[in-house]
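Undergrad: The lines below spell out each chain.
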Amino acid sequence: MSRPVILLGAGGHAKVVLEILRQIKQPVLGVIDPRLKQNHIKEWQGLPILGDDSDVSLYPTDKIFLANGIGSLPGQTLRCSVYRQFKSSGYTFITLVHPTAIIAEDITLAEGVQIMAGCILGTDVQIDENTLINTGTQLDHDCKVGKHCHLAPAVVLCGNVQVEDGCHLGPSSCVVQGCHLGQGAVLGAGSTLLCDLPKGHKYLAAKSQQPTKHSQ
Amino acid sequence: MSRPVILLGAGGHAKVVLEILRQIKQPVLGVIDPRLKQNHIKEWQGLPILGDDSDVSLYPTDKIFLANGIGSLPGQTLRCSVYRQFKSSGYTFITLVHPTAIIAEDITLAEGVQIMAGCILGTDVQIDENTLINTGTQLDHDCKVGKHCHLAPAVVLCGNVQVEDGCHLGPSSCVVQGCHLGQGAVLGAGSTLLCDLPKGHKYLAAKSQQPTKHSQ
Amino acid sequence: MSRPVILLGAGGHAKVVLEILRQIKQPVLGVIDPRLKQNHIKEWQGLPILGDDSDVSLYPTDKIFLANGIGSLPGQTLRCSVYRQFKSSGYTFITLVHPTAIIAEDITLAEGVQIMAGCILGTDVQIDENTLINTGTQLDHDCKVGKHCHLAPAVVLCGNVQVEDGCHLGPSSCVVQGCHLGQGAVLGAGSTLLCDLPKGHKYLAAKSQQPTKHSQ
Chain A
347 MSRPVILLGA GGHAKVVLEI LRQIKQPVLG VIDPRLKQNH IKEWQGLPIL GDDSDVSLYP
407 TDKIFLANGI GSLPGQTLRC SVYRQFKSSG YTFITLVHPT AIIAEDITLA EGVQIMAGCI
467 LGTDVQIDEN TLINTGTQLD HDCKVGKHCH LAPAVVLCGN VQVEDGCHLG PSSCVVQGCH
527 LGQGAVLGAG STLLCDLPKG HKYLAAKSQQ PTKHSQ
Chain B
347 MSRPVILLGA GGHAKVVLEI LRQIKQPVLG VIDPRLKQNH IKEWQGLPIL GDDSDVSLYP
407 TDKIFLANGI GSLPGQTLRC SVYRQFKSSG YTFITLVHPT AIIAEDITLA EGVQIMAGCI
467 LGTDVQIDEN TLINTGTQLD HDCKVGKHCH LAPAVVLCGN VQVEDGCHLG PSSCVVQGCH
527 LGQGAVLGAG STLLCDLPKG HKYLAAKSQQ PTKHSQ
Chain C
347 MSRPVILLGA GGHAKVVLEI LRQIKQPVLG VIDPRLKQNH IKEWQGLPIL GDDSDVSLYP
407 TDKIFLANGI GSLPGQTLRC SVYRQFKSSG YTFITLVHPT AIIAEDITLA EGVQIMAGCI
467 LGTDVQIDEN TLINTGTQLD HDCKVGKHCH LAPAVVLCGN VQVEDGCHLG PSSCVVQGCH
527 LGQGAVLGAG STLLCDLPKG HKYLAAKSQQ PTKHSQ
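Residue numbers (the working numbering), protein chains in the order written: chain A, 347 to 562; chain B, 347 to 562; chain C, 347 to 562.
If we strip away everything but chain A, and leave its shape as in the complex, we get (with noise of 0.2 Å):
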């Protein structure tokens, strides 16, 4: 597991994996991103800019690892896209794990799942590729999550909750024990699911009360 590591993106989710991988003492050759190759960037965050996507190919498939440096928001595909595009032309994504997560140890993690500060994963968790498990989030037992999901910072799933490909749960949102949430469903921030969630249906919170200015 000690090949160098190329990283995928130059925005924020990407210094969040570059200081895991620093953190891991895990060695980077340098970062793909077709903005700052085009404005004749060099460096990024310490690290060498390689060029962009068509570059990757100067680099033997089994001599390095990919990291995905690519955030996600409901409606975005490049996250998936870039993943899937990579593993047809043979790479492998490093799977990420931060060393402040609390994580049981029978839990299963896909090729490029990415597990940030401050995680819980309880016991029997399955992740599947490409998932991104944001700061602060946590799993209770038997949970399961597909492929290609995100689950932004602090999210609560309670146990055995089911979450399939491609959702979006959105920041500090919950799910109760035992919930199912069908294949592209979003949760907005905030929210509380009570029950199953079908196929590609979104489900946000209750509206706040209008912002007023106070008195101080």
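No wet-lab data here; the hints were simulated from the structure. Hints should not be assumed to be uniformly reliable.
Which copy is meant is left open, because identical chains are indistinguishable; a pair holds if it fits in one copy or across any two.
Stated by the list, open to error - Below 27 Å or equal to it, Euclidean Cα-Cα: the simulated DSSO-like pairs (lysine-lysine) are:
#  : residue 1 : residue 2
1  : Lys388    : Lys409
2  : Lys553    : Lys388
3  : Lys433    : Lys553
4  : Lys559    : Lys545
5  : Lys371    : Lys559
6  : Lys490    : Lys545
7  : Lys490    : Lys559
8  : Lys559    : Lys383
9  : Lys409    : Lys383
10 : Lys545    : Lys433
11 : Lys409    : Lys490
12 : Lys409    : Lys433
Starting from the known structure of chain A, arrange chains B and C on it as the hints suggest.
TA: Frame of chain A; chains B and C shown alone:
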């Protein structure tokens, strides 16, 4: 404190309790579960099935500890009644703290309390018998929680909150500083309590918006 | 950085600050608290009562640090005014980070910042003077928080959130990525902010359902 443990129950919560017992290297004799005995199942999670509740009496009260592996939802009484039954027979329940929990030095945990992974307990917190503080839940300074309560995953108690016996606080619920929850009170998942809640009352979060099909 | 510390205040927050000082083995000379002095109380939490604010002047500004043990709620100004008063007299406030906090290497914490147990601060986070980041609060990459703010327990800031001076974010509130909170803005407990909040405005969560007596 080095007596071996018998685990009561073989469901989801029991798996999480077993994970703590293994992390702290506590020897476990086996599991008590009426359904598994009835179905002639001999093993669960690598442990022998020792029988049903009546089979516990084969073990002297001063040679073993019991661990309560029964979970708890509002309206369920099994976790509490099993605890009371075996206490009246003279048994002792082990108090469990997951090694990753953040615990101030001066907290007080009564018999059978269970503190799961990633919890944070501030200075002068007191928790009474058989209460379950579930994954990632945090109690700030001077909180007091009674007997037979369940604080579900990711509950937040600010400073000086008082929770009487038999309360259930749903996942991701929050209680602001200084509030009091009367006996048997229930907080819904994702709710935020800003005032006292009387004995036997429940308090639910605002109703969410209806799920809708999204355009993706 | 090995000067002894004088703790200002003797309430709930002061206890939590003292717990950090003891965990990091910082010597503490005693406590300043007008009420305790007035009541002729000599000791608090094992520390001597040194007097009221005027008694701080007995200690040279270059021989001690101060620790701000005064908490903060919306509309309260004491924590801020005490800080300013002693700064103008030439004193220095110690910056405190609980040893269990998860802190990226490149964050910037100004004088007097307090980071409580279990917080998570991502890469390039910046926090300005006298701001209190309370228990279990998490700030993702590139968040900036101004002076004299209080982020209550379990607040969640997604990436790139900007919080101006003097804001109060209630417990379990959440701000999605990229939002801006103007000076003195207030977020209610359990609220989820999806857009910018102007200077001097407050934003409250949706009203919960009325408590009802349940059938148990």
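Undergrad: Could you run down the list of hints and mark each one as holding or not?
TA: Okay, the hints, checked on the actual structure:
Proximity of Lys388 to Lys409 under the C-alpha cut-off of 27 Å is restricted to the intra-copy arrangement: shortest distance 23 Å within a copy versus 48 Å between copies. With identical chains, the CA atoms of Lys553 and Lys388 are never at most 27 Å apart, being 46 Å at best within one copy and 51 Å at best between copies. Neither within a single protomer nor between protomers do Lys433 and Lys553 lie at most 27 Å apart by alpha-carbon distance, with minima of 41 Å and 43 Å respectively. Taking identical chains as interchangeable, the C-alpha atoms of Lys559 and Lys545 lie at most 27 Å apart only when they sit on different chains, with a minimum of 8 Å there against 40 Å within one chain.
Neither within a single protomer nor between protomers do Lys371 and Lys559 lie at most 27 Å apart by alpha-carbon distance, with minima of 49 Å and 44 Å respectively. Taking the shortest alpha-carbon separations for Lys490 and Lys545, only the intra-copy value of 16 Å comes in at or below 27 Å, while the best inter-copy value is 37 Å. Taking identical chains as interchangeable, the C-alpha atoms of Lys490 and Lys559 lie at most 27 Å apart only when they sit on different chains, with a minimum of 23 Å there against 44 Å within one chain. Proximity of Lys559 and Lys383 under a CA criterion of 27 Å is satisfied in neither setting, with 46 Å inside one chain copy and 39 Å between copies.
Taking the closest pair of Cα atoms, Lys409 and Lys383 come within 27 Å of each other only inside a single copy of the chain (23 Å); across copies the shortest separation is 53 Å, beyond that limit. When the C-alpha separation of Lys545 and Lys433 is checked against a cutoff of 27 Å, the pair qualifies only within one copy, where the shortest distance is 26 Å, while the shortest distance between copies is 48 Å. Neither within a single protomer nor between protomers do Lys409 and Lys490 lie at most 27 Å apart by alpha-carbon distance, with minima of 31 Å and 39 Å respectively. Within a single copy, Lys409 and Lys433 get their C-alpha atoms as close as 14 Å, which meets the 27 Å cut-off; across copies the closest is 57 Å, which misses it.
Hint compliance for this structure: hints 2, 3, 5, 8, 11 are not met, and every other hint is.
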